[in-house]
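Peer 1: Here's the letter readout for the chains.
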Amino acid sequence: MPLYRIDTPVIDHGQPVRLVSLTVSAGFPSPAADDLEDEIDPIAWVVRRPSSTFWWRVSGDCLWDVGIRDGDLIAVDRDGTRRIGRAVLAVVDGQVTAKILRRRNGRYYLAPANAGEDFPDVELTPDSEVWGVIAGVVRRYELE
Amino acid sequence: MSRQPIAISDSKNFYVSAERVFDTSLANVPVIVLSNNDGCAVARSDEAKALGIKMGDPLHLIRDKVEAHGVRVFSSNYTLYADLSRRVVDTYADFTPHVEIYSIDECFLDFMGFRDREAHARAMRAAVRRRVGIPIRVGIASSKTLAKAANELAKKNPVFDGVLDLMDEDLARWLLPRVPVGDIWGIGRRTEAKLKGVGIATAAELRDMPLRQARKLGTVVLERTVLELQGEPCLSLEEVEPQRKGMAVTRSASAPMTDFDTLFQAITAHATRAAEKLRQHGLVAGTLTVIFHTNKHRQDRPQWSAARSTKLTPMSSDTFDLVDAARRCARSGWPKDGKPYGFTKAGVMLDDLLPSEDRPRTLFDVMRPKSAQLMSALDQVNDRFGKKTLVLASEGMKRPWALRADHRSPRYTTRIEDLPVVR
Chain A
1 MPLYRIDTPV IDHGQPVRLV SLTVSAGFPS PAADDLEDEI DPIAWVVRRP SSTFWWRVSG
61 DCLWDVGIRD GDLIAVDRDG TRRIGRAVLA VVDGQVTAKI LRRRNGRYYL APANAGEDFP
121 DVELTPDSEV WGVIAGVVRR YELE
Chain B
145 MSRQPIAISD SKNFYVSAER VFDTSLANVP VIVLSNNDGC AVARSDEAKA LGIKMGDPLH
205 LIRDKVEAHG VRVFSSNYTL YADLSRRVVD TYADFTPHVE IYSIDECFLD FMGFRDREAH
265 ARAMRAAVRR RVGIPIRVGI ASSKTLAKAA NELAKKNPVF DGVLDLMDED LARWLLPRVP
325 VGDIWGIGRR TEAKLKGVGI ATAAELRDMP LRQARKLGTV VLERTVLELQ GEPCLSLEEV
385 EPQRKGMAVT RSASAPMTDF DTLFQAITAH ATRAAEKLRQ HGLVAGTLTV IFHTNKHRQD
445 RPQWSAARST KLTPMSSDTF DLVDAARRCA RSGWPKDGKP YGFTKAGVML DDLLPSEDRP
505 RTLFDVMRPK SAQLMSALDQ VNDRFGKKTL VLASEGMKRP WALRADHRSP RYTTRIEDLP
565 VVR
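Those sequence lines, one after another, are chains A and B.
Its first residue numbered 1, the first sequence is counted upward by one per residue in this note's numbering.
Its first residue numbered 145, the second sequence is counted upward by one per residue in this note's numbering.
In case anyone wonders, no lab produced these hints; they're calculated from the structure.
Glycine is no exception: its CB is placed at the ideal position from the N, C-alpha and C atoms.
Any given hint could turn out to be false.
Which chain A residues face chain B? A few, computed with CB under 10 Å, are given here [what the hints assert, rightly or not]: (1) Trp55; (2) Val58; (3) Cys62; (4) Leu73; (5) Asp79; (6) Gly94; (7) Val96; (8) Gly132.
Just chain A, same shape as in the assembly:
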């Protein structure tokens, strides 16, 4: 039996049909009919809180050490818990920058995430706000 991909939602009486029943072949009911599930959605797995998560594009390799490359898309959760060691977007002097949250001698710092670049840590002051916590990264590669 041929299989066809369903790329667009099927609408019936104005409602999207999530589970499309398979055509029943005469004599041999499909053994898979009871095991139909939605296709995996990795984006939904990354974005746990849709109302507070925003996508950003990364320019440069400032997050190299935490596995984020130039051109990657990152999901940033404004409501993510600010923890030491987490990669965050921070606002320093009105500019948004990606940094790691660190603590030394009871003070909080924004440290670069690239050992190859020699930037000093920035102390977290009331003026340097943490915009959000990086929730995940999406990258794609050339196919042609």
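Mind docking chain B on chain A? Use the hints.
Peer 2: This is chain B only, laid out in the frame that chain A set:
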């Protein structure tokens, strides 16, 4: 009578706050957002207000101020505002079982059953700020009008820190004499003048006005406002969206439209959009009106203003029917004297709306079985591939009349090519 708390929450300078979420260089600097077609200021940051820029100031009149003080100017980016608004409403839904959206930046919320309403409102305010980055203010009272007044007070007095609960009767008794009657929801300039004529200048005085006098002075609407100020809810939280009675799509043109074809392109686009809206709401229209006029502020140029209506028989939401009717209206309203008119505004209005399934059938319905399928295909294509992928050719391809939006910020949250960039 049990008094049920209603909250109204609105965003401070919403469009400016929305621009500031992604463009962090906008913090603490004067920012204004312009209306459709970059006409006049419709949102101002506190810094811009402090410079004396007023709501509705046309950009060309405040150019000097803009340049002297480095005011940052934006075209309205409704795509962004709508996305952030949706996120704000989603956040409200975590704090109340019932949200009634009143406008893009205002919601009425059911606040019944919370022991400490103020703490609840503060937690909600902090959550919206943290999750979406938008500052909001909350007013709470037992009627919508009082809640609006509370919200207004919270807006004007930093001492309330964005939240005011007027369920506290002592507080209401103390504050209402301090609210000018013109600040009350639903009191327009003319009513305000009439009220002042009979010696009513504050919200407290309006609250204490005899109902019969209120009705005589300003009809049942004013009587209702008085009752609302007494804490008696006359405007309930609307459980369902009210049935629309009419809708309009009108736009200012970026350049004056001087020939019929250009005008008709704009009108085709507006009729197309109106038909789309009808179908979205499952409605059909019985009457279509086309309006277009020249710039009334240029009395040195020839003036023309036209409004023509026609019946749609059968009632319809079909783009072809609406555009056809709109063309008849536009033709009949087009000036015949050959003077060089420049039309700056055109629009299509629909009235006499009915749910599609209740429409009167006519003999000709049977001849048009394809219409519904065709329109559904049109909507799906435009939905999937983007607005205006499939249009009627009479809309034209160049769209010289299309909106001006020279300073629009990127559509940060809805277009992958517009994503904000972190360096």
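Peer 1: Find the hints from earlier in the document that the structure breaks and name them by number, from lowest to highest.
Peer 2: none
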